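Enquirer: As a plain string of letters, each chain reads:
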Amino acid sequence: MNWAILSGIEGNLTAYEAVLQDIQDQAVTDLYILGDVVGLQGDNEAIIQRLQSPRAGELEPQVCVGWWEEQCFSLYGVSGLQDAPELMAKVGGDGVKTFWKSISRESVRWLRSQHFGFHEQDCLLIHGSTVSYADELTPDTPAIELCDRLIRADANHLFCGRSGLTFECSVTPVALRSTVTTLDGVQAPQDCGKTPRQVIGVGSVGRSPGQATYTLFSPENGQLAFRSVNYGQP
Amino acid sequence: MKLAVISCIHGNYEALKAVLSDIEAQKADQIYCLGDLVGYGPYPNEVVNQIRSLEIPTCQGCWDEDIVEGLNACECSYPSQLAEHRGKLAHEWTNKEIRPDVREYLATLPLSLKRDNLCFVHGSPNSQHEYLLPSMDGFAALERVLSTDADVLFCGHTHVPYVRELADAKLSVTVKSPARSDAPQQFQATLKRIINAGSVGEPRHGRPNATYVLYDTDTAQVTLREVAYNYTKTCLAILEKGLPSIFAWRLARGMEFAERADDPTHVCER
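Protein sequences appear in the order of chains R and U.
Residue 57 in UniProt numbering sits at position 57 of the first sequence, and the numbers go up by one each step.
Residue 126 in UniProt numbering sits at position 126 of the second sequence, and the numbers go up by one each step.
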């Protein structure tokens, strides 16, 4: 079993095609896309159609929603806050108009039918974290927050795409003395697990022009590899 | 300075009066309230009047939020399906009973309060709906305290009082990426505490007595208080006012009598 884990296509069809080409040589068995398949710059309708209709011999992509999809739902009044205030703050009124025009209502419905995340074996694959789609985990996120996100995820490997970075943070609890006192007295001490766990940033396919990054992971042996694919502009 | 921290009064005016008398007897200098003034109990307006008249700093609980925002303020408001069914009945009754000025007051309540190295919330710093149970993973609990920049986090919501000390925390973190490969970093935290104030008006620790906590800011000493009161008066009022009789039954026993949530620190997709 060998997973290819992507995120952040952001409508960049050329970058996605380059990654699909690279994946062909990697003996990949499962293809996960952790959100942000649409974005402000690319051809959103084209990428959605490409995801919906993989070619013969290609893997069926398993897609979960990301930050851009959530903005889409907000704009179309499907869920979240009305009128996409996060999007407005990020791209302004003109950007909102451009984004609105770039995605049909039918495509919004398809995006809405995609997953919140994937729990596979001891792994959680998600755009941000279980706290929020906007939760951006990076190598500089405080250790206690990374630890908390892993505990909340109830997973040994948390794969996320929000930051667009490729990284592996291994978090190991070393010690914690926890004492609980109730009206009935002091309770037996709690044993805190010491298992090392990993937060993994899977990279971004379409955010950086000319260079796509993604992640390969083998759940049987825990082997992890970050891939970087250079491609020419169309 | 001696602080009294109360929470989860839930329209139980008899219990509130008894607790306020006990606080006076204990010579507390200041009272803080962690919300859930309404819901379940028969006297939501009277409880809010009392809290307002005493100018007690209060943060907004999940029931207070739901009365302001509507029941779907959070789809995961309840720890279980049975609790949700009962809660909806109580919500509908409270929603009809409550006065407009009381609703307006509940809407003004902040989600948290700070005082020096102390932070006060209803459920957790993340949400009024999150349960900080004493069995919660220690590092996750520590993260909640650290996220407030406080040393002591006061919460309620579970209706069972406790004090949790989190000491000598250590984590090791190793970062690898195409751009960098760092030596392991050590994270350490000094002693932090979570103090759950229990419930004045809907206790669930196995006895019908009201609970709250006292905290001495000079010595950091915590005292969990249990106050007996005439709960049968509240039980009768629950029945007389047409609230579900289960609320009187469980109030008299100090128990929830519902299945536990699979995940009290639920993933809220709101």
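Worth double-checking, as some hints may not be accurate.
Cut-off 27 Å, straight-line C-alpha distance, at most; resulting in silico cross-link-like pairs (DSSO-like, lysine-lysine) [stated by the list, open to error]:
id: 1; chain 1: U; residue 1: K17; chain 2: U; residue 2: K2
id: 2; chain 1: U; residue 1: K114; chain 2: U; residue 2: K96
id: 3; chain 1: U; residue 1: K88; chain 2: U; residue 2: K241
id: 4; chain 1: U; residue 1: K27; chain 2: U; residue 2: K114
id: 5; chain 1: U; residue 1: K176; chain 2: R; residue 2: K194
id: 6; chain 1: R; residue 1: K194; chain 2: U; residue 2: K170
Interface residues of chain U toward chain R, partial, derived using beta-carbon atoms under 7 Å [claimed, not checked]:
id: 7; residue: I56
id: 8; residue: L89
id: 9; residue: H91
id: 10; residue: A140
id: 11; residue: L146
id: 12; residue: V163
id: 13; residue: A167
id: 14; residue: A169
id: 15; residue: P178
id: 16; residue: Q221
id: 17; residue: V227
To give a feel for the contact side, a few chain R residues facing chain U, derived at Cβ under 8 Å [as the list claims (entries may be wrong)]:
id: 18; residue: S104
id: 19; residue: V108
id: 20; residue: W110
id: 21; residue: S113
id: 22; residue: F167
id: 23; residue: V180
id: 24; residue: L216
id: 25; residue: P219
id: 26; residue: E220
Derived by calculation from the structure, the hints in this document are not laboratory data.
Note that this is a predicted model, so its numbers are computed, not measured.
Each residue gets a CB set at the ideal place from its N, CA and C atoms; glycine is no exception.
Enquirer: Taking the hints in turn, state whether each one holds.
Expert: Going down the list of hints, with the structure as the test:
Using a Cα cut-off of 27 Å, the hinted pair K17 (chain U) and K2 (chain U) holds, with the two alpha carbons roughly 19 Å apart. A C-alpha spacing of about 33 Å is found between K114 (chain U) and K96 (chain U), which places the hinted pair above 27 Å, so the restraint is violated. Our distance criterion of 27 Å between C-alpha atoms is met by K88 (chain U) and K241 (chain U), whose separation comes to about 16 Å. Between K27 (chain U) and K114 (chain U) the alpha-carbon distance is near 22 Å, which keeps this suggested pair within the 27 Å criterion.
Proximity of K176 (chain U) to K194 (chain R) is assessed by CA-CA distance (about 20 Å); at most 27 Å being required, the pair is judged to hold. For the suggested pair K194 (chain R) and K170 (chain U), the alpha carbons sit about 11 Å apart, so the restraint of at most 27 Å is met. With 7 Å as the threshold, the beta carbon of I56 (chain U) stays out of range of chain R, its nearest partner Cβ sitting at about 23 Å, so the hint is violated. The interface hint given for L89 (chain U) is violated, since its Cβ lies 27 Å from the closest Cβ of chain R, which is over the 7 Å cut-off.
Taking 7 Å as the C-beta cut-off, the interface hint given for H91 (chain U) is violated, the closest approach to chain R being about 23 Å. The interface hint given for A140 (chain U) is met, as the beta carbon of that residue sits about 5 Å from the closest beta carbon of chain R, less than 7 Å. Interface hint at L146 (chain U): satisfied, since its Cβ lies 6 Å from the closest Cβ of chain R, which is below the 7 Å cut-off. Proximity of V163 (chain U) to chain R holds as hinted, the smallest CB-CB distance being about 5 Å (cut-off 7 Å).
Proximity of A167 (chain U) to chain R holds as hinted, the smallest CB-CB distance being about 4 Å (cut-off 7 Å). Of the supplied interface hints, the one on A169 (chain U) holds, with its beta-carbon coming within about 5 Å of a beta-carbon of chain R, less than 7 Å. Because the closest C-beta pair between P178 (chain U) and chain R is about 6 Å apart, less than 7 Å, the hint holds. Here the hint on Q221 (chain U) is broken, as its CB sits about 12 Å from the closest CB of chain R, past 7 Å.
Annotation: V227 (chain U) was flagged as interfacial toward chain R, and the flag is violated, the nearest CB pair being 12 Å apart, outside 7 Å. Checking S104 (chain R) against chain U: minimum C-beta separation of about 24 Å lies over 8 Å; hint violated. Below 8 Å, beta-carbon pairs count as interface contacts, and V108 (chain R) has none with chain U, the closest being about 17 Å; its hint is therefore violated. Using the Cβ-Cβ criterion of 8 Å, the hint placing W110 (chain R) at the interface with chain U is not satisfied: the shortest such distance is roughly 19 Å.
Annotation: interface hint on S113 (chain R) violated; nearest CB of chain U at approximately 15 Å, more than 8 Å. The restraint placing F167 (chain R) at the interface with chain U holds, with a minimum CB-CB distance near 4 Å, inside the 8 Å limit. Look at V180 (chain R): its Cβ gets to within about 4 Å of chain U, closer than 8 Å, so that hint holds up. The interface hint given for L216 (chain R) is violated, since its Cβ lies 13 Å from the closest Cβ of chain U, which is over the 8 Å cut-off.
With its C-beta approaching chain U no nearer than about 19 Å, P219 (chain R) sits outside the 8 Å limit, and its interface hint is violated. Hint status for E220 (chain R) relative to chain U: violated, with the closest Cβ pair at about 20 Å, above 8 Å.
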